[in-house]
Amino acid sequence: MTKSAFGIPGSLSTRHLPGLRGLSKKDLVAILDSAQAFRDGFDSGGSVPASLSGVLVVNLFFENSTRTRLSFEAAEKRLGASPMNFSASISSTTKGESLRDTVRNIQAMGADVFVVRHSCAGTPGFIAAHTTAAVVNAGDGACEHPTQGLLDALTMRQRLGDLSGKRLAIIGDIRHSRVARSNIWALPTLGASIRLWGPATLLPRHPDAFGPAVTLAHSLEHALEDADAVMLLRIQHERQSSGLLPSLREYRSSFGLDESRLALAKPGALVLHPGPINRGVEVVSEVADNDHSVILAQVTNGVAVRMAVLHLLAGKKNA
Amino acid sequence: MPEILLPGFCDLGCAFGEPGSEQAETIRSGLAAAARGGWSVVAMEPFTDPAIDTDAQIQLVRHLAADGPCRLIPLAAATRENGALSEMALLREAGAGAVSLGDVLPGSAAFLRSVLEYAAQNDLTVFLHPCDPTLAAEGMVHEGPVAERLGLRGIPSLAEEIGLGTVLPLVRRTGARVHLSRLSTAQGVSMVREGRLEGLPVTADVSFRHLLQDESILEGFPSEWKLFPPLRSESDKRALWQGLLDGTLDAICSLHRPVPTEAKLAEFDVSPYGAIGLETCFSALRAAQPDIPPGQWILWLSTGPRRVLGLAPAVADREGTWWDMEATWVPGAANLASRSRNCPELGQTLLSVPTRLRRNGVDTPLPDPIRT
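Chains A and B are the protein sequences, given in the same order.
For the numbering used here, count along the first sequence from 1 and bump the result up by 10.
For the numbering used here, count along the second sequence from 1 and bump the result up by 148.
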């Protein structure tokens, strides 16, 4: 087992990570500091503590995912775990087994950690209530995607420094977005504020639910004004057939981010996107690929953040 | 403590599982649960599997309930599975107490009009929950701040407002008697109040849980509180109480919906709606509002709902329940008569314990629940 070449700071006050809502600033900072240490470590070629060696991590993906699942697997393997992968298409859930029985059976095989992606909001908490394993949410319905929120915060913190007083604009389908919600919980805890904008059919109907640091903008210009960072959300094509959006053409025309619109934000404002990008819809390629775009940095930070979360929740402290 | 004899309560829409889901509740277990909650008459919802929509099924249900501790009044489905009107004249003759449209309105206002016209001709009250089906589609909880925070699809108050906006003009035109089940919103109470002032032949009830809880209890995804209609806002709850106090609402109902544990114990989206309520309704209301005098409860739980069913007020000496009003008890897996355990009050301390049934002037002791 390789001894850590760099200190991984922090510990958490929670056994699970169902979401970022209600997570204390201390816990958020502990995860971000830890993730930064991992990021610095592998940027400088340092060795990584094999703190998940012998820890059985099961990636329970009841919903399709490519990048999040790969990112978790990369994080798990870097920490020395040998993850098991479960996908619903080949699972017993198609044979009528309840979710509770499925996870309890897998737990009986010795699972220490469940990484859960599910289309139903609240499922990670449900699993946590019915097993003794640590549970990490990898996206539940439209509720939360906490490791995405953390990697967004880490990416912004790397470029903007302390997030206190910073402003983020989130543009797109806020109503159905777990990514937006995780940012909405984490960033105000770290001192930032958020303005939301998008088609009226895809905006929250009760934005007051999110607290005073999160507001609805009244125009795209208003959303972008003085923004330190702009986050674009992926538009799902099926929103057209469900009567929420007339066309991608109209979306691009009203909400797509191009250079002239980006100029309304602060000079040097960051551009974030959780991916996968619809180029030419949410954002034009010139903006997605310019110097202000941190979209690929987000992906790299995703591995570091997931390492931090798994290490802090389930890692062996003497590794 | 001295016990008092209250007239039997009357529930305007409990669901049992017979036929089709006997593991959740049989008619026998449902009536036992009703007796232990102080009820002497229950109107049974017809949405079993198969639904109760023929005179033969009404006769079967009445037969199964014949020797129970409470009187069962079967409601019949107002429409057949194939979308036709049900045979209301035959249903009435067989003993259906009313016809019911269930939880959401038909998709077509023209068909709803036909239901009301035909029910009026057959002198049957139509029970319905005035919910627009399109606005409620795929929703799970009240569309409000809690749904927004949890990322759950909401059922807006607007669904009830639009539903009443369809129903009330049709009542005005057809003259049909309509009972509005499970009203849940402030706007709904206000619209019904106006309708009654105008003289429309409408009555209404509210479930006891909508008087005691609001959407805030859904934080954390507790599936035992997943109800239909959904628990709404604090201001809706206040308006529902106001509706009871000013007579806009006639009755409090149990919203008894048995669900087997294995079905209820699932992720929130998948967990079916509903909670059992017959055995805890009065004691939970008493625990929350101990200062409301018995006469008021009698109005909302007995006289009011009986009037909706066309029944004279119950005479407690003939048809009542003895209550130890100041005793407390805790509902648990071991002391409920219902076959189901989807009861959000499990483990809570409730106030007032039923001790004996009075039927035809004779007292029978009830099993003693675990008192505290």
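Careful, some of the hints might be misleading.
Derived SDA-like pairs: lysine to any residue, alpha-carbon spacing no greater than 20 Å straight-line [what the hints assert, rightly or not]:
no.: 1; chain 1: A; residue 1: Lys105; chain 2: B; residue 2: Ala414
no.: 2; chain 1: A; residue 1: Lys35; chain 2: A; residue 2: Ser21
no.: 3; chain 1: B; residue 1: Lys385; chain 2: A; residue 2: Lys105
no.: 4; chain 1: A; residue 1: Lys36; chain 2: B; residue 2: Lys385
Just so you know, the hints here were simulated from the structure itself, not pulled from any lab data.
Note that this is a predicted model, so its numbers are computed, not measured.
Here's how the hints hold up against the structure:
A threshold of 20 Å between alpha carbons decides the hint, and for A:Lys105 with B:Ala414 the separation of about 16 Å falls inside it, so the pair holds. For the given pair, A:Lys35 sits about 13 Å from A:Ser21 by alpha-carbon distance, which is consistent with the 20 Å threshold. The hinted pair formed by B:Lys385 and A:Lys105 fails the criterion: a straight-line CA distance of about 42 Å is larger than 20 Å. Of the pairs offered as hints, the one joining A:Lys36 and B:Lys385 is violated, with about 38 Å between alpha carbons and a cut-off of 20 Å exceeded.
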